[in-house]
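Participant: Sequence:
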Amino acid sequence: MPQPRLPLPPEPAVYSGLHTDHYPWTEVTTDLLTRQGQGLSAVFDAQQGPHWARFVWVGGALRGGFTARGEVGWPQAMAGLPRAQVTLTPLPPALAETLWAAHTHSPQPLEEGWPGGRARLEGGRFSGVLLANGACSYWQGGRLLGGALPEPGTACELLGELRQAPSDAAMLVFWKDLIAATHSHAPLDEAWRSVCVRLAAEHACLDPFAREVTVQGGHLMVEPGVPAHELHPALLTAFRASLARLGQPLNDLPLGTLPDRPEWQAAGLGAA
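Numbering that gives the first Met the number 0 numbers the first residue of the sequence shown as 0 and each following residue consecutively.
Treat the hints with care, since some could be wrong.
Between beta-carbon pairs, the in silico distance windows are [stated by the list, open to error]: (1) GLN215 with SER166: 24 to 32 Å; (2) ASP259 with HIS228: 40 to 48 Å; (3) GLY38 with ARG192: 49 to 57 Å; (4) GLN107 with SER193: 41 to 49 Å; (5) GLN247 with ALA203: 25 to 33 Å; (6) GLN75 with ALA227: 47 to 55 Å; (7) THR29 with SER166: 49 to 57 Å; (8) GLY63 with ALA203: 16 to 24 Å; (9) PRO108 with ARG62: 33 to 41 Å; (10) GLU189 with PRO226: 39 to 47 Å; (11) ARG192 with GLY152: 56 to 64 Å; (12) GLY59 with ARG142: 21 to 29 Å.
Since the hints were made in silico from the structure, they are not lab data.
C-beta: ideal position from N, C-alpha, C; glycine also.
Please work from the sequences and hints to get the whole structure.
Facilitator: Encoded structure:
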């Protein structure tokens, strides 16, 4: 299978387009070994005419190298590209790891296109690369690491892993757990009732007189007939508004493993 050589984010290179006629492979190798000992995270590209090789380091460890035809070792690359132009681009370790992992994946379509598919990338905790008409962005655990996002309406492909989005039932359990954990540190009841009066015009299910969604003693109760597509955005809005009213930053809450659950990203809470 042909290996993709993905565009890199616009990071400043240590050196770019140096010719091995003037910067010999022996000196390149010595320099990279020194940087490897210093914890190098980077992409090294060598190009000679139409032929190329790419090597990736993460945190001082060489992950490996590849060409358009497949995996390649350093001695083979030097022998096959004796008069190459070479470029070294440092990258954050998470981004370098994502780039390396992506070269083994086959492209899969993102059915919703852009930006409609963003919610599925975040909810499915996507780790990999999003490709679209020249745009290339890098993701880990549903979070954007870097790169260029597609233009609206663009069809997209994925190189990586997209987990199944949590079910509606799992999301409701998560919200109950999150509200209970929050209430034990910052009592929510009064703030929740107050913000729901204001938010009822935007989210009808929050109307305190209808009592479709209530919080009492930190326990979330939801009437069975409330549609999930209305419920979950309403819960997110009311939760954030309640924390703001209490002056309680989300980051400061002792939530244990809740931010590690897939429902955290799917709920739209982002990084804790």
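Participant: When you take the CB atoms of GLU189 and PRO226, is the distance between them in 39 to 47 Å?
Facilitator: Given about 27 Å between the Cβ atoms, the range is violated.
Participant: Are GLY59 and ARG142 spaced within 21 to 29 Å by their CB atoms?
Facilitator: Holds: the Cβ-Cβ distance is about 24 Å, inside 21 to 29 Å.
Participant: Are GLY63 and ALA203 spaced within 16 to 24 Å by their CB atoms?
Facilitator: violated (55 Å)
Participant: Just tell me: holds or violated, for the beta carbon distance of THR29 and SER166 against 49 to 57 Å?
Facilitator: Since THR29 and SER166 have Cβ atoms about 55 Å apart, the given range 49 to 57 Å holds.
Participant: For the pair PRO108 and ARG62, does the Cβ-Cβ distance stay inside 33 to 41 Å?
Facilitator: Cβ of PRO108 to Cβ of ARG62: about 27 Å, so the range 33 to 41 Å is violated.
Participant: Would you say the C-beta atoms of ASP259 and HIS228 sit inside 40 to 48 Å of each other?
Facilitator: Distance hint for ASP259, HIS228 is violated at roughly 25 Å.
Participant: A range of 41 to 49 Å was offered for this pair. Does it hold for the Cβ distance of GLN107 and SER193?
Facilitator: For SER193 against GLN107, whose Cβ atoms are near 45 Å apart, the range 41 to 49 Å holds.
Participant: Quick check on a hinted range of 49 to 57 Å for GLY38 and ARG192, using CB atoms only.
Facilitator: At 52 Å between Cβs, range holds.
Participant: In this structure, is the beta-carbon distance linking ARG192 and GLY152 contained in 56 to 64 Å?
Facilitator: violated (41 Å)
Participant: Do the Cβ positions of GLN247 and ALA203 conform to the proposed distance bound of 25 to 33 Å?
Facilitator: Hint holds: Cβ distance 26 Å, inside 25 to 33 Å.
Participant: Please check whether GLN215 and SER166 have a Cβ separation lying inside 24 to 32 Å.
Facilitator: holds (25 Å)
Participant: Quick check: does the Cβ-Cβ distance between GLN75 and ALA227 fall within 47 to 55 Å?
Facilitator: Roughly 54 Å apart at Cβ, these two residues keep to the hinted range, so it holds.
In this structure, the hints that do not hold are numbers 2, 8, 9, 10 and 11, in rising order.
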